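A.B. asks: Sequence:
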Amino acid sequence: MWGRRAGRDGSSSTGIQGLRRLAAAFSVLLLAAAPARAYLVEVTTSVSVADSEDQDAVRTALLNAVDDVLTKAIAFPPALVVLTSATLVNARLYIRLLVADEDGAKTFDELEGGGPEEQPAELRI
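Quick note on numbering that gives the first Met the number 0: the sequence shown kicks off at 0 and runs consecutively.
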């Protein structure tokens, strides 16, 4: 035969054929499996606030900024929106948002399984 060396009982060619079939099946599985995608973005933006002493004006500016980010800055439907930082400096409100899709939100649900002894820490780079 072409390039095959069969033993007395022919078992080596059968074993090689079995390995080839297994490799082919494994390759098909790898090609058919779609990679999991989870979108998670952190957005920093700022807006002007007409009167920084007026809580309603600050709240309205914050809601408008969040709405603007969700409608113009990201291209996926958000399932989770977290306000991670808000700083009011003079007449500007600087905010940081964490936005995730369904799969990204599931990641947060899995992380919540940590014990109560774990405390969040702020890391500045």
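Calculated from the structure, these hints are not laboratory results. Keep in mind it's a predicted model, so treat the numbers as computed, not measured. Just so you know, even glycine gets a beta-carbon here, dropped at the ideal spot from N, CA and C. Mixed in with the good hints there might be a few duds.
What follows is a set of in silico ranges between Cβ atoms, one per label pair, in the way DEER data are often shown [as the list claims (entries may be wrong)]: (1) A49 x V80: 37 to 43 Å; (2) I15 x A37: 39 to 45 Å; (3) K71 x A37: 17 to 23 Å; (4) A24 x T44: 45 to 51 Å.
A.B. asks: Honestly, which of those hints from before does the structure not fit?
C.D. replies: 1
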